[in-house]
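Here is how the chains run, residue by residue.
Number of protein chains: 4
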Amino acid sequence: MGSTIGTTLRVTIFGQSHSEAVGCVIEGLPSGFALDRRALQAFMERRAPGRNAWSTPRKEADEVHIVSGLNARGETCGAPLTALIYNTNTRSGDYDELSRVPRPGHADFTAQMKWHGAQDVPGGGHFSARLTAPLCVAGGIALQYLEPRGVHIAGHALQVGSERDVPFDALRHSMESSAHLQQQMQSLRDAQPTGFPTISEKAGRRMAALIEQVRQDEDSVGGIVECVATGLPAGIGGPRYDGIQGTIARVVFGIPAVKGLEFGAGFSVAALRGSQNNDPYEMRDGTPIPASNSAGGSLGGISSGAPLLFRMAVKPTPSIARSQQSVDLMLGEGSILRIRGRHDPCVAPRAVPVAEAAMAIALLDSWLSWPPAPADWASSS
Amino acid sequence: MGSTIGTTLRVTIFGQSHSEAVGCVIEGLPSGFALDRRALQAFMERRAPGRNAWSTPRKEADEVHIVSGLNARGETCGAPLTALIYNTNTRSGDYDELSRVPRPGHADFTAQMKWHGAQDVPGGGHFSARLTAPLCVAGGIALQYLEPRGVHIAGHALQVGSERDVPFDALRHSMESSAHLQQQMQSLRDAQPTGFPTISEKAGRRMAALIEQVRQDEDSVGGIVECVATGLPAGIGGPRYDGIQGTIARVVFGIPAVKGLEFGAGFSVAALRGSQNNDPYEMRDGTPIPASNSAGGSLGGISSGAPLLFRMAVKPTPSIARSQQSVDLMLGEGSILRIRGRHDPCVAPRAVPVAEAAMAIALLDSWLSWPPAPADWASSS
Amino acid sequence: MGSTIGTTLRVTIFGQSHSEAVGCVIEGLPSGFALDRRALQAFMERRAPGRNAWSTPRKEADEVHIVSGLNARGETCGAPLTALIYNTNTRSGDYDELSRVPRPGHADFTAQMKWHGAQDVPGGGHFSARLTAPLCVAGGIALQYLEPRGVHIAGHALQVGSERDVPFDALRHSMESSAHLQQQMQSLRDAQPTGFPTISEKAGRRMAALIEQVRQDEDSVGGIVECVATGLPAGIGGPRYDGIQGTIARVVFGIPAVKGLEFGAGFSVAALRGSQNNDPYEMRDGTPIPASNSAGGSLGGISSGAPLLFRMAVKPTPSIARSQQSVDLMLGEGSILRIRGRHDPCVAPRAVPVAEAAMAIALLDSWLSWPPAPADWASSS
Amino acid sequence: MGSTIGTTLRVTIFGQSHSEAVGCVIEGLPSGFALDRRALQAFMERRAPGRNAWSTPRKEADEVHIVSGLNARGETCGAPLTALIYNTNTRSGDYDELSRVPRPGHADFTAQMKWHGAQDVPGGGHFSARLTAPLCVAGGIALQYLEPRGVHIAGHALQVGSERDVPFDALRHSMESSAHLQQQMQSLRDAQPTGFPTISEKAGRRMAALIEQVRQDEDSVGGIVECVATGLPAGIGGPRYDGIQGTIARVVFGIPAVKGLEFGAGFSVAALRGSQNNDPYEMRDGTPIPASNSAGGSLGGISSGAPLLFRMAVKPTPSIARSQQSVDLMLGEGSILRIRGRHDPCVAPRAVPVAEAAMAIALLDSWLSWPPAPADWASSS
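Heads up: the protein sequence lines correspond to chains A, B, C and D, in order.
The numbering of the first sequence is my numbering, which starts it at -5 and goes up by one.
The numbering of the second sequence is my numbering, which starts it at -5 and goes up by one.
The numbering of the third sequence is my numbering, which starts it at -5 and goes up by one.
The numbering of the fourth sequence is my numbering, which starts it at -5 and goes up by one.
Treat the hints as calculated values from the structure; they're not laboratory data.
The hints are all genuine.
Per label pair, the in silico range of CB-to-CB distance: (1) A/Glu206 x B/Arg278: 35 to 45 Å; (2) A/Gln186 x B/Glu39: 49 to 59 Å; (3) D/Gln180 x C/Glu327: 29 to 39 Å; (4) B/Glu39 x C/Arg67: 29 to 39 Å.
Going by beta-carbon spacing under 8 Å, a handful of chain A positions derived as facing chain B: (5) Ser(-3); (6) Trp109; (7) Gln153; (8) Val208; (9) Val215; (10) Ile218; (11) Gly232; (12) Ala243; (13) Glu256; (14) Arg267; (15) Pro310; (16) Ile314; (17) Gln318.
Source: prediction; values computed, not measured.
Cβ coordinates follow ideal geometry from the N, Cα and C atoms, glycine included.
Put together the whole structure using the sequences plus the hints.
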């Protein structure tokens, strides 16, 4: 409990910022598919720090070691797949201050309230954003399974501070919008891994400039990541608590810094009329489909065949160089905190592959757990 | 899977709109507390339809029958508690059309894609908003446990269409704001069950008028429900996927019509700097606390001692009287749908107790699953 | 937790001996199959008390009310199925003594140690053997799904006291033994519901006579139930903790009075050599099969295609009319207990359908959770 | 699913016989206790092969590497603890024959029926008895938590072939038997890790001689392991499917080769009368206790305060040097198999620490999941 997500595809994340390794165990992967380790490593690179101007200069290797779960041919074998990423930065330094003077916006304080000093303090321990690396391992593997089956996933930084990218054209679901959305997704793929993850290159430059400005201000800034999946057939998922929205939500709210999540038209539905928000049905190529997509691809927790679309809000990185007001928990009095070290002034760009990983894990789990009702399973005998 | 939430407090929701009953089984309730059935029924009344001008004129009794889980003294006894609400409206009418012509915005279409006709069609079956009644039973019981222990929960309709209520004063966390928030929560309690659930009476009147207007337009309108919990001690919850945010999210996205969820400053964090969004710590009455509450009461999935605050967006009721474009799934051609029957033009006001129930279930589960690390449990022997 | 079994097929048992009802919620049933209520009721009759000379004269109706989970045509609809059996015997009588003076062999004492008086005392509360009725509901429904797909299940009283029935001919797995086993299973079906559940009619008469003797002695006697399933294809189940043996074990040890469980050759393997116990493979009708069945149908948690065979030991009914030594928990001193009321002197015969239900639930869950690896699931889209 | 056990203490086992590593992730460990790595390694030694005359001469290091879950002081920190044991013997050799010609008594055949060649074949893959090493890691850690809290666990080889050790004196529960049982447990501790794990040294010598004889016969032999836990307070566990017996059963049936499990008087209850099998209560030192222990320490799934006692039957090692009848799955015809390599002729002695580990994991999980009902938890705030 706590570090495990999923029902049929079950992912357990482990590790701390300064433990020997972070990693994951994946149970329930379909067997018999060959893992492309090079593609997995390329996916990891998009999250890795120190690759460009707008992220922390700390460079971590994020090399994935798979110690179980594959057969001799390198295919998934039905047994749990375990992947490790060794930490290069372990147990060094003096973290006494951090355990005494909690960083505002971090889990330092609440972890202390919960564990009274037993928690692993350095680097945020198990709360560290470093734990998104094993999430990306699991997501990257899930993607390798989904893509050849027609499900494609892409994300971008929709907003950083006051700067906005153009949104995915995923709410209309016309022939034209579908083509446009594919084009947007392709342009994002073309830009990886070094470009700023925006659809509009201009918006990307403005965001990068803002992030640079914020860094010079010894501050940080928040953002919104938008993520879309196309090609998911209608009928995946199920009612109530393990529906597609809920399954995504549980993964997404396990990503550090996320404070909001919305699907399709999202919070804007509050101001809409039913006649505006309802997606009418039409026949297209002999198949019934929703002709628009305010619903964001999910009705009653089940996929509609339209693109799955979510947006998640990530808060400004709490670690900022400016002095901050905190308390010394040992002395029981106020204390001014100055955080040393190098931190991303904005997590939104590096959170893009993390959002894609979350989408991939949730969709594969939904598909495996809640496939459309089969033709009689007796035939499988 | 699918209709069960929770880890230690486990709630399974069952029933369909037109089955003999809807209800829930609750496992893991603390034993030995006496249930106040009258208070539970009063809580149910706030969700029940047909009680006022702005909801559907269908009147349902929503009387709670508890068939297991209590001892002879009416206290929880450690065994699963099962509650039923009998449906008065079962299996009547001709629903053939609905199974052929899906209602836009409902799960009719996706359920058909999933179950190919096996789903229970009348009234939306297991997808019906009627299933929020057993959620309120579970939430109402959880509330009876939390309240004497100092945890208080309140919700209101923050927005309906373009009309807005004043928000909870929960982001500041000063002495003054705490007093103000308590006053707001008290005024909401005073207004139940017949008043419109807003802090500002004026805003309530405007919302009620808007809903009446929308009804006359044969349309519906969306809204935002805001919900707060005070008195939760710091240290409840845990990292990653079963943290407080994720636990709430899983319940909330199981409520029909919800399209977005945010905590604390929510989506507005995207535009904030870290220096604005970080909540500094200070000593108050000898205790360290966050001096403001952008975080909405949760850091790293663990409660901070500040009020827990979430907002959820509910879409406009999909069932509207206006003609809508759909398809006849049997004929495979377009079809104009006109929905008969009486439906809430806006679910936001009735969703207020549902949001409170979701908060109560999630917080009690978090507390029971992830209490602060105990003094050595060996002492329990 | 606690009253729920299963992974994909999830059964939650609720109720107490003297609550308004006992029952179950079943999640994950395959959708679209029509329930035969008459057949279900007939299955329930085999467990029901008061039907014959060797069980308690208390007559309970055990009529099954299904309040959710079926569509208008009476088929499973994908939503949780909830069944109730109302208790006719509720909250009557004075049970103060039982809460003070625990019955030896019952859970009275341990429940008191756990809940300190909050537990529901009358009739054993949630620990009552009455809770095997809803287990039979779930099992009876699972059977209706398995039987048309070729899986047949039968049980018998293998031993009562020192009397033994002939065992199932399930350890050989030759052509001849298969035919013989089918004949044994048929003879058991023919004998239901009124005959004593033994393969040998003579053994049944001896067991019935022994039980009558024991009753006159104001005592009770234990037994062994043997249960077999044929027709399960090879490849169902999986390694380690959710294998077929483990899945059956978890259900079986949830049946009151069970103290032992063994598969295939069971405890006798201790005295065997590998050359005796290993089941060689051979080709039969072009298919590889194990030529004998010491393994009892499961290797590494996965079905082998040979009959699944288990035996479970049930202890003598703890409620006996003789005086017994106990303690008065309130006075803190020894006390002589005399249990009034009518009790089965031997639970083995009525435990036969319970064992079959356990087998059916476990096998259907294993099949749904761990089907043989499919041809690529992408084809399901 | 499949390789995870437990509810609050959750252990996921991973690895294959020839993968880079085997290991486990443990979630839910109580935080703040210091791990004694030397004691853990000593516990591992008792299971490790190649240490004495009666086990396989293959010598494996079984050195435990902990890569997450500890804080800088080496204490559990609330985050998942991950331990690895690197395999020295990876991917070598030619296993084509094994995937074609399944070994009788192994999971080779059923794995092939399930995964059609995707399974990891060498050494039995994820089905290998090597996976009991990470189970011992988890159990060894659980033991370190239980022992200082008064819970002591010991196991012995009760039977090997026709040779029997004296049983634990755990069914009487008198003052005298308690002292005797402690003496037996102490003698077993004194004999570790090199002696044969029996209470009677003579019996151990006879068993060792029998095993040597069996080895020379190119055969193997089965056995029974008996395991006891003392010091568990009354009131741990709960009714039905997650009771103490069921929790132990699920772990035990996940151990390769186990074919039977019984508690207390076990299968012998079949021949007993209630008046013999019921354990009367008496006051001892002011505390009510069961005066005898046919129940084996558990009533209704809840601990009674008497010793927890189980016996598990392990089949003869299926890998024997003698020629065996099998089939060539590729050619579809019979084939004579001769297994090369070195294998334990009897797994019972090495299964003793595995049984202890299973007991420790199940008891700690039960304790954490189902502690006695607390004094009001509100006090924890």
